[in-house]
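With the hints as constraints, model all of the structure from the sequences given.
Just so you know, the sequences run in chain order Z and S. At position 35 of the first sequence (counting the first as 1) the number is 35 in the working numbering, and the numbers step up by one without a gap. At position 14 of the second sequence (counting the first as 1) the number is 14 in the working numbering, and the numbers step up by one without a gap.
Since the hints were made in silico from the structure, they are not lab data. Note that this is a predicted model, so its numbers are computed, not measured. Hints should not be assumed to be uniformly reliable.
[What the hints assert, rightly or not] Straight line, CA to CA, 27 angstroms or less: simulated DSSO-like cross-link-like pairs of lysine-lysine:
(1) 95(S) <-> 57(Z)
(2) 3(Z) <-> 55(Z)
(3) 9(S) <-> 83(S)
(4) 55(Z) <-> 71(Z)
(5) 57(S) <-> 14(S)
(6) 57(Z) <-> 71(Z)
(7) 17(Z) <-> 57(Z)
(8) 59(Z) <-> 17(Z)
(9) 14(S) <-> 83(S)
(10) 57(S) <-> 83(S)
(11) 71(S) <-> 95(S)
(12) 63(Z) <-> 95(S)
(13) 63(Z) <-> 17(Z)
(14) 55(Z) <-> 95(S)
(15) 83(S) <-> 3(Z)
(16) 3(Z) <-> 57(S)
(17) 95(S) <-> 59(Z)
[What the hints assert, rightly or not] Looking from chain S toward chain Z, a few residues come up when the C-beta cut is under 10 angstroms (computed):
(18) 7
(19) 9
(20) 12
(21) 45
(22) 92
Virtual Cβ for every residue (Gly too), placed ideally from N, Cα, C.
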Amino acid sequence: SQKIEQNSEALNIQEGKTATLTCNYTNYSPAYLQWYRQDPGRGPVFLLLIRENEKEKRKERLKVTFDTTLKQSLFHITASQPADSATYLCALGPWGSARQLTFGSGTQLTVLP
Amino acid sequence: DGGITQSPKYLFRKEGQNVTLSCEQNLNHDAMYWYRQDPGQGLRLIYYSQIVNDFQKGDIAEGYSVSREKKESFPLTVTSAQKNPTAFYLCASSKGLGADTQYFGPGTRLTVL
Numbered sequence: 001s002q003k004i005e006q007n008s009e010a011l012n013i014q015e016g017k018t019a020t021l022t023c024n025y026t027n028y029s030p031a032y033l034q035w036y037r038q039d040p041g042r043g044p045v046f047l048l049l050i051r052e053n054e055k056e057k058r059k060e061r062l063k064v065t066f067d068t069t070l071k072q073s074l075f076h077i078t079a080s081q082p083a084d085s086a087t088y089l090c091a092l093g094p095w096g097s098a099r100q101l102t103f104g105s106g107t108q109l110t111v112l113p
Numbered sequence: 001d002g003g004i005t006q007s008p009k010y011l012f013r014k015e016g017q018n019v020t021l022s023c024e025q026n027l028n029h030d031a032m033y034w035y036r037q038d039p040g041q042g043l044r045l046i047y048y049s050q051i052v053n054d055f056q057k058g059d060i061a062e063g064y065s066v067s068r069e070k071k072e073s074f075p076l077t078v079t080s081a082q083k084n085p086t087a088f089y090l091c092a093s094s095k096g097l098g099a100d101t102q103y104f105g106p107g108t109r110l111t112v113l
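Shown next, in the form of structure tokens:
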């Protein structure tokens with residue numbers, strides 16, 4: 001069955017450092033991958049989308065890579081700030097006949113001042 | 001002010017009662033979705049709809065029902081058949097299925113007493 005794994009533990013980093021979050025998947029051949037940010041008690045907010053034929057995507061302090069051979073995406077936040085503290089979700093799709101997204105369980109990031 | 005709204009934010013239900021969660025969007029999106037989120041878990045798809053008067057089961061549709069009579073509205077009914085309904089419910093919309101970004105509502109936290 002398809003499986004998506006994000007960093008199994010919460011990630012704590014010091015302000016100003018680069019945070020790197022991992023999204024690994026198995027039994028998938030997704031055409032694209034999305035990253036969302038979710039604050040406690042709120043709905044996720046879209047951050048970035050990367051397609052299977054793209055290696056890297058950037059948006060301000062955010063960078064996403066997508067390695068379809070390793071079946072892995074890395075999400076980087078450079079010059080991290082306490083305001084970046086949140087849960088980050090990766091989502092894959094489509095795959096096979098399914099045209100909807102499948103979400104990972106998320107990684108909780110805390111940026112310490 | 002465009003967006004997606006859910007009501008109520010908090011909902012309490014007695015065992016054996018059906019309850020309906022509201023979701024409205026004014027983004028003119030064709031596709032709408034319902035997800036369930038449990039603590040420490042990712043979003044699980046309950047139902048989705050690509051167009052009016054059509055909807056499809058997601059991964060965990062048992063014990064839930066939906067309707068899509070209007071483009072802007074996609075209410076979810078949690079029936080008494082749902083064995084463990086206490087969760088955070090999120091509604092989302094997108095222009096279409098596939099790679100389109102999903103826009104989420106603020107969520108409804110349902111607690112069964």
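Consistency of the hints with the structure:
1. 95(S) <-> 57(Z): This hinted pair holds, its Cα atoms lying about 22 angstroms apart.
2. 3(Z) <-> 55(Z): 21 angstroms, holds
3. 9(S) <-> 83(S): OK: residue 9(S) and residue 83(S) at ~21 angstroms, within 27 angstroms.
4. 55(Z) <-> 71(Z): With a Cα-Cα distance of about 12 angstroms, the restraint between residue 55(Z) and residue 71(Z) holds, given a limit of 27 angstroms.
5. 57(S) <-> 14(S): Roughly 25 angstroms separates the two Cα atoms, so the pair holds.
6. 57(Z) <-> 71(Z): Holds, at roughly 16 angstroms.
7. 17(Z) <-> 57(Z): Judged against 27 angstroms, a Cα distance of about 20 angstroms means the pair holds.
8. 59(Z) <-> 17(Z): Roughly 17 angstroms separates the two Cα atoms, so the pair holds.
9. 14(S) <-> 83(S): 12 angstroms, holds
10. 57(S) <-> 83(S): 17 angstroms, holds
11. 71(S) <-> 95(S): The given pair, whose Cα atoms are some 11 angstroms apart, holds under the 27 angstroms limit.
12. 63(Z) <-> 95(S): 25 angstroms, holds
13. 63(Z) <-> 17(Z): 14 angstroms, holds
14. 55(Z) <-> 95(S): Holds: residue 55(Z) and residue 95(S) sit about 25 angstroms apart, inside 27 angstroms.
15. 83(S) <-> 3(Z): The hint holds at about 25 angstroms.
16. 3(Z) <-> 57(S): 20 angstroms, holds
17. 95(S) <-> 59(Z): 22 angstroms, holds
18. 7: 13 angstroms, violated
19. 9: 9 angstroms, holds
20. 12: This interface hint is violated because 16 angstroms lies over the 10 angstroms limit.
21. 45: It holds, given that the least Cβ distance between residue 45(S) and chain Z is near 6 angstroms, below 10 angstroms.
22. 92: 7 angstroms, holds
Going through the hint list in order, the structure does not satisfy hints 18, 20.
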